[in-house]
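A.B. asks: Sequence:
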Amino acid sequence: MHIVYPVVVSALLFSIGVYGVLARRNTILVLMSVELMLNAVNLNLIAFDVWLGDRLHGGQVLTLFVIVIAAAELGLGLAIVLAVFRNRRTVDLDSLRDLAEPGPDCDAAGPDRGVAGPAPAPGPRRGTGQEGAAT
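Numbering (the UniProt record's numbering), first residue to last: 1 to 135.
Just so you know, the hints here were simulated from the structure itself, not pulled from any lab data. In this text the structure is predicted, and so the values were computed from the model without any measurement. Just to be clear, a hint being listed does not mean it is correct.
As the list claims (entries may be wrong) - Pairwise CB distance ranges (calculated): (1) F85 - G53: 46 to 54 Å; (2) N26 - V4: 32 to 40 Å; (3) L74 - R97: 16 to 24 Å; (4) I28 - D54: 33 to 41 Å; (5) V66 - L12: 13 to 21 Å; (6) A23 - A71: 19 to 27 Å; (7) R55 - I28: 39 to 47 Å.
Don't be surprised by glycine CBs; every beta carbon is placed ideally from N, CA and C.
Whenever a hint applies, use it, and build me the whole structure from the sequences.
C.D. replies: Rendered as structure tokens:
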């Protein structure tokens with residue numbers, strides 16, 4: 001068997017997976033692309049194991065290990081996606097960039113949103129009834 005054919009197929013699968021991770025915005029499709037990349041690596045492991053004629057079949061054993069780990073990773077990833085969907089009603093990665101809820105101390109624009117200027121001075125807040133109160 002020529003080693004070139006499985007290596008080329010593996011490289012194509014891995015490239016498609018990288019494109020899916022970089023171009024897709026749906027979380028489930030990104031997880032599927034990661035699994036495609038892992039399967040491309042598995043194909044490479046099997047091809048080189050057969051090509052080298054390893055008696056211990058280390059490539060095949062490692063492939064089984066990678067499949068088990070990938071199944072656990074996919075289950076955990078889908079559980080996280082389901083929890084985020086129940087909370088946010090979306091699995092779009094662009095809308096999930098900021099996972100933290102804005103708290104009372106956090107400005108809605110925030111320092112990472114391009115708002116420049118000095119920080120507000122400490123003191124009583126407006127609208128709390130403490131504007132004129134002596135401390």
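A.B. asks: It remains to establish, for every hint, whether it holds in the given structure.
C.D. replies: Now the hints, each set against the structure:
1. F85 - G53: 46 to 54 Å: 48 Å Cβ-Cβ, so the 46 to 54 Å window holds.
2. N26 - V4: 32 to 40 Å: holds (34 Å)
3. L74 - R97: 16 to 24 Å: holds (23 Å)
4. I28 - D54: 33 to 41 Å: holds (36 Å)
5. V66 - L12: 13 to 21 Å: Cβ of V66 to Cβ of L12: about 19 Å, so the range 13 to 21 Å holds.
6. A23 - A71: 19 to 27 Å: About 25 Å separates the Cβ atoms of A23 and A71, which means 19 to 27 Å holds.
7. R55 - I28: 39 to 47 Å: Cβ of R55 to Cβ of I28: about 41 Å, so the range 39 to 47 Å holds.
When held up to the earlier numbered hints, the structure conflicts with none and fits them all.
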